[in-house]
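Q: Line order of the protein sequences matches chains A, B and C. Following the numbering used here, the numbering of the first sequence begins with 1 at its first residue and continues without gaps. Following the numbering used here, the numbering of the second sequence begins with 65 at its first residue and continues without gaps. Following the numbering used here, the numbering of the third sequence begins with 324 at its first residue and continues without gaps.
Any given hint might turn out to be false.
What the hints assert, rightly or not - Calculated pairs, DSS-like style, for lysine-lysine (alpha carbon to alpha carbon, straight line, at most 25 Å): (1) 384(C) / 352(C); (2) 352(C) / 403(C); (3) 184(B) / 22(A); (4) 384(C) / 403(C); (5) 403(C) / 201(B); (6) 54(A) / 201(B); (7) 352(C) / 201(B); (8) 54(A) / 22(A).
Hints listed in this document are in silico derivations from the structure and should not be mistaken for laboratory results.
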Amino acid sequence: MMVPVRCFTCGSVVGEHWEEFKQRAREGDEDPAEVLDELGVERACCRRMLVSHKDLVDIVSPYQ
Amino acid sequence: MSDQYDVTFIEQDERSAKFLVRGITPAFANGIRRAMIADVPTLSVDTVRVIENSSVMFDEQIALRLGLIPLTTPDDYRPEETVTLAIDVEGPATAYSGDLVSSDAKVQPAEEHVPIIDLKEGQRLELEADAELGYGKDHAKHQGGVAVGYRHLQRVELGDERGEFAEDDPEIIRGVIEDAGASETSRAAGDGGELVETASFDNDLGNRYPDRNVSVEDVPNAFVFDVETDGSMSVDDLVLSAVESLRTRADELEDAVQL
Amino acid sequence: MDLRVIENLETELSIEVQGEDHTFMNVLKGALLEVDGVTTATYDMNPEQSGGQTDPVVTLKTDGSIDPLDALEAGAAGVKTKADAFAESFESAA
Chain A
1 MMVPVRCFTC GSVVGEHWEE FKQRAREGDE DPAEVLDELG VERACCRRML VSHKDLVDIV
61 SPYQ
Chain B
65 MSDQYDVTFI EQDERSAKFL VRGITPAFAN GIRRAMIADV PTLSVDTVRV IENSSVMFDE
125 QIALRLGLIP LTTPDDYRPE ETVTLAIDVE GPATAYSGDL VSSDAKVQPA EEHVPIIDLK
185 EGQRLELEAD AELGYGKDHA KHQGGVAVGY RHLQRVELGD ERGEFAEDDP EIIRGVIEDA
245 GASETSRAAG DGGELVETAS FDNDLGNRYP DRNVSVEDVP NAFVFDVETD GSMSVDDLVL
305 SAVESLRTRA DELEDAVQL
Chain C
324 MDLRVIENLE TELSIEVQGE DHTFMNVLKG ALLEVDGVTT ATYDMNPEQS GGQTDPVVTL
384 KTDGSIDPLD ALEAGAAGVK TKADAFAESF ESAA
């Protein structure tokens, strides 16, 4: 639904990078790997948190 | 007891650091590592009083997200002391960790830009949250250290020239090496040699020394710590509090034995 | 920290240290082995699920030149010395 606050595996805070990542790599056409490198999301466990995330608030909000 | 430690920083930042400690026993190194994870208390939201939550998430889910937001932890708090934080955001907007208003100016969200919940038109999030000083061994949200670990320092010695048709296998090592081959003078002086992070040559010694046989061995009692914090305190505070917690316990034991 | 003596002989001591875990016990064991006169030092700890003795029990034997309780005290002092030395080296390097 919303981006996880922390990485499930290591506990590093990843939520703060979501909006920039989304804007640059999802909506923009930058390479996700490069964006993550620049954001300082180094470990594979933290990177997958952002790469595999999908915002669902817009999808579920009509049904509340 | 000859307790002479030699600490060298390899990387040093406010929130992450890598440092080499020489002369430390594995038992003590592990004690420090475990203490950093489980025995250094941090403030974290523990109880939430919801005034209004008309967002798409349940109160419990919001509470979980609030709990995971790191809060800066001053060192004058005692275990189970609390601070109250409040948040009031009305949609259409996104509630961020930075919208939390704290009753203590020294206790603030360590990150301002963590989205808590996306609010649509007419939705509102208003609540009060009590942050409590707790320990990592009770709940992961109280862990100050993130991905804390250590590795042996590895020593690389150069061997013979490699044969022209020798197998070209990669020699993968990770961590930090003490490179005895880097300079003859340091080798003669017996002080080990240059400290090199293996990431600088893509973790493959074959890249650094393409035509030489190398031997790698662990340096006894030398460990490279890799410490990262979630922002609730600096690396220095985390390490020193961990050591202090071990010291306090040794002190208690000494007192208890004397009685 | 509460202690419960299980066995206290001339050269041997078994003592339960309540509320501690591997973090401290292993450091203590390491320090005990560095105390002069201590021949054996170990600790045993069982998991929560075992349903029995879950607090750690430290056991040490000496060669007779030191009273086991004094050795335990010296071990604790050793941990303190190590902690102080480490904090000092760390602070000067940081």
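Q: Next, verify each hint and record whether it holds.
A: Right, here's what the structure says about each hint:
no., hint, verdict
1, 384(C) / 352(C), "holds, 12 Å"
2, 352(C) / 403(C), "holds, 13 Å"
3, 184(B) / 22(A), "holds, 19 Å"
4, 384(C) / 403(C), "holds, 21 Å"
5, 403(C) / 201(B), "holds, 23 Å"
6, 54(A) / 201(B), "violated, 32 Å"
7, 352(C) / 201(B), "holds, 21 Å"
8, 54(A) / 22(A), "holds, 10 Å"
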